[in-house]
Amino acid sequence: MHVLEVKNLSFTYRGEPKKALDNVSLNLPYGKVMILAGPSGCGKTTLLRAITGLIPKFYEGEYKGEVLIDGKNVLSITQRDLVQSIGYVFQNPENQLVSYIVEREVAFGLENMGFDKDYIINKTENILKELGIYELRNRPLRTLSDGQKQLVAIAGILVMEPKLLILDEPTSTLDPAAAKKVASTVDQIIRNKGISAIIVEHRIDIFSDFADFMAVMEAGKITDFGDIKEVLERYSGDDLRVPAFIDVQKKAYGRVIARKFEDYLSLLNASSKRGKP
Amino acid sequence: MIRLEDVYYTYGTGYAVEGISLEINEGQLVAFVGHNGSGKTTIAKLMAGIIKPVKGSVFIDEMDTKNTKHSNIVRKVGMVFQNPDYQLFESTVLEEVMFALKNMGYEKEKAKEMAIKSLEMFGLSGYAQRPPLSLSGGEKKRLTFAIVYAWDPKYIIFDEPTVGQDRKNLQNLSVMINELIKSGKSVIITSHDMEFLWQFNPLTYVIEKGKVVWSGYMKELFSQTDFSMYNLTEPQLSAISRKLGLKQPALTAEELSEVIKGVGSI
Chain A
7 MHVLEVKNLS FTYRGEPKKA LDNVSLNLPY GKVMILAGPS GCGKTTLLRA ITGLIPKFYE
67 GEYKGEVLID GKNVLSITQR DLVQSIGYVF QNPENQLVSY IVEREVAFGL ENMGFDKDYI
127 INKTENILKE LGIYELRNRP LRTLSDGQKQ LVAIAGILVM EPKLLILDEP TSTLDPAAAK
187 KVASTVDQII RNKGISAIIV EHRIDIFSDF ADFMAVMEAG KITDFGDIKE VLERYSGDDL
247 RVPAFIDVQK KAYGRVIARK FEDYLSLLNA SSKRGKP
Chain B
-16 MIRLEDVYYT YGTGYAVEGI SLEINEGQLV AFVGHNGSGK TTIAKLMAGI IKPVKGSVFI
44 DEMDTKNTKH SNIVRKVGMV FQNPDYQLFE STVLEEVMFA LKNMGYEKEK AKEMAIKSLE
104 MFGLSGYAQR PPLSLSGGEK KRLTFAIVYA WDPKYIIFDE PTVGQDRKNL QNLSVMINEL
164 IKSGKSVIIT SHDMEFLWQF NPLTYVIEKG KVVWSGYMKE LFSQTDFSMY NLTEPQLSAI
224 SRKLGLKQPA LTAEELSEVI KGVGSI
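Listed in order, the protein sequences are those of chains A and B. Count along the first sequence from 1, add 6, and you get the number used in the working numbering. Reminder that position 120 of the second sequence reads as 103 in the working numbering, one-by-one numbering, no gaps.
There may be inaccurate statements among the hints.
[Said to hold, decoys possible] Simulated pairs of lysine-lysine, BS3-like, Cα-Cα distance not exceeding 30 Å:
| no. | chain 1 | residue 1 | chain 2 | residue 2 |
| --- | --- | --- | --- | --- |
| 1 | A | Lys256 | A | Lys199 |
| 2 | B | Lys244 | A | Lys135 |
| 3 | A | Lys25 | B | Lys230 |
| 4 | B | Lys151 | A | Lys266 |
| 5 | B | Lys151 | A | Lys235 |
| 6 | A | Lys257 | B | Lys28 |
| 7 | B | Lys49 | B | Lys151 |
| 8 | A | Lys235 | B | Lys100 |
| 9 | B | Lys100 | A | Lys186 |
| 10 | B | Lys194 | A | Lys187 |
| 11 | A | Lys187 | B | Lys93 |
| 12 | A | Lys257 | B | Lys226 |
| 13 | B | Lys52 | A | Lys186 |
| 14 | B | Lys244 | A | Lys235 |
| 15 | B | Lys100 | B | Lys52 |
| 16 | B | Lys165 | A | Lys257 |
| 17 | A | Lys25 | B | Lys100 |
| 18 | A | Lys24 | B | Lys151 |
| 19 | A | Lys187 | B | Lys226 |
| 20 | B | Lys151 | A | Lys257 |
| 21 | B | Lys49 | A | Lys266 |
| 22 | B | Lys38 | A | Lys256 |
| 23 | B | Lys192 | A | Lys186 |
| 24 | B | Lys137 | A | Lys186 |
| 25 | A | Lys199 | A | Lys169 |
| 26 | B | Lys202 | A | Lys266 |
| 27 | A | Lys186 | B | Lys194 |
| 28 | A | Lys186 | B | Lys226 |
| 29 | A | Lys257 | B | Lys202 |
| 30 | A | Lys256 | B | Lys95 |
| 31 | B | Lys52 | A | Lys257 |
| 32 | A | Lys227 | B | Lys151 |
| 33 | A | Lys187 | B | Lys151 |
| 34 | B | Lys202 | A | Lys256 |
| 35 | B | Lys100 | A | Lys187 |
| 36 | B | Lys28 | A | Lys256 |
| 37 | A | Lys256 | B | Lys52 |
[Unchecked claim] The following residues of chain B were derived to be distant from chain A, with all beta-carbon distances above 10 Å:
| no. | residue |
| --- | --- |
| 38 | Asp(-11) |
| 39 | Tyr(-6) |
| 40 | Thr(-4) |
Don't read these hints as lab results, they were simulated from the structure. For each residue, glycine too, the CB sits at the ideal point set by N, CA and C.
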């Protein structure tokens, strides 16, 4: 059983000559994390819009194929059920933050879903602590840095425990240390709660240790899909921001010897002890 | 030259920038690095004259930003914001690029010609008639580069330019930065993306809580034994170079792979 099934999906925006999605098919099993990668303008955002049902509900065009969430066609799911099934964290947190104070922002979704006050307070406190931003709870959002705002946006979605979490470049505004921390924290939370996730990222290294699958898109098509380590090794294109140590290995040895940076450094260490750098 | 003299700035509680003094010369590539909220963007805005110091002064070619009209500052300093949505408002991509040029007094036809050239440079010619806000995140970012490139200021500030950019766009950005430096412009980059900055070995200011805590070339920064105290992520090429015992760290994957090939496989 899959949390997400995309079957032969094609979409052309009204007035546009080319298909934005061209016969896209992919499945994501429950509890798994997938990175969706591809160059700017390849159709990643369009695919996310289709997965969330925004396409074709709010974007006109020619739509073929189907998207199933938890076994149901996304177009037949009520808006309320959809909100509980899919959580979407935007690339730019400004697009989704609506409250004045951090705590109220994180509680906003639960309040709208009609939970009782104690439950909301408890859940909100927990998620703020889990993401390490509890001390920000009483701060006005406008006083936060972009990175802090992104964490609040993530908290506001995770607190609703959706079945499928969609993160559109969630760490692009964060510094690497903060990005890694967010990645590992989000990973821990979603694994514990059994949430599945699709992560759109250019900086693949941030999530490559956590993700299970990777899909590569190009000009509206899925050009590769599978185990993330295998996809990264197969990848020979020029569009993705592959980690520097993978690049070095491909150029120096013609293949990837170590898939984790730490492993590669250990290999270099061991070989230099044998007298060869 | 851009000169900061004991500059302070506050958003209301505490100082976001505290007592910074530095000079940026023509033809220099300067990077401001540090964590989210360290004050990098505030420094960039001060240098672009968007905000004025509460104490101290910012001089752009001897013009004190506190008593210079913003229209005179923008002729010299162009800033590309981290979030492209903050600076896009025209109805088409072409008009967006032409907007600043027309404000600077260029005739419509000349402005159009300059805008088209800049859009070509950034691979956006096919989008000229599209509304800017219909572009993807990465495309919008490229558009903001094209806008500033078109008006050709002497000092160009990029606030987190690598955010949301794919590899090809980053390669284009690298080419653009190198060309700008060669042509005598100053390029100022605020970023936490050490992997991207590393190739340039820029003059680097490490910012923490609104203060400069280290300055020098980036190679020197990561060759120090105590660089970890600044909580910056070391570029992978720097770490690999050190493991290999290279006296001069490699700045690109090509350079490093050649060194590895030269000494045999592991």
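Practice task
Compare the structure with the hints numbered earlier in the document and write down the numbers of the violated ones, lowest to highest.
Solution key: 1, 2, 3, 6, 7, 8, 9, 11, 13, 21, 22, 24, 30, 31, 35, 36, 37, 39, 40
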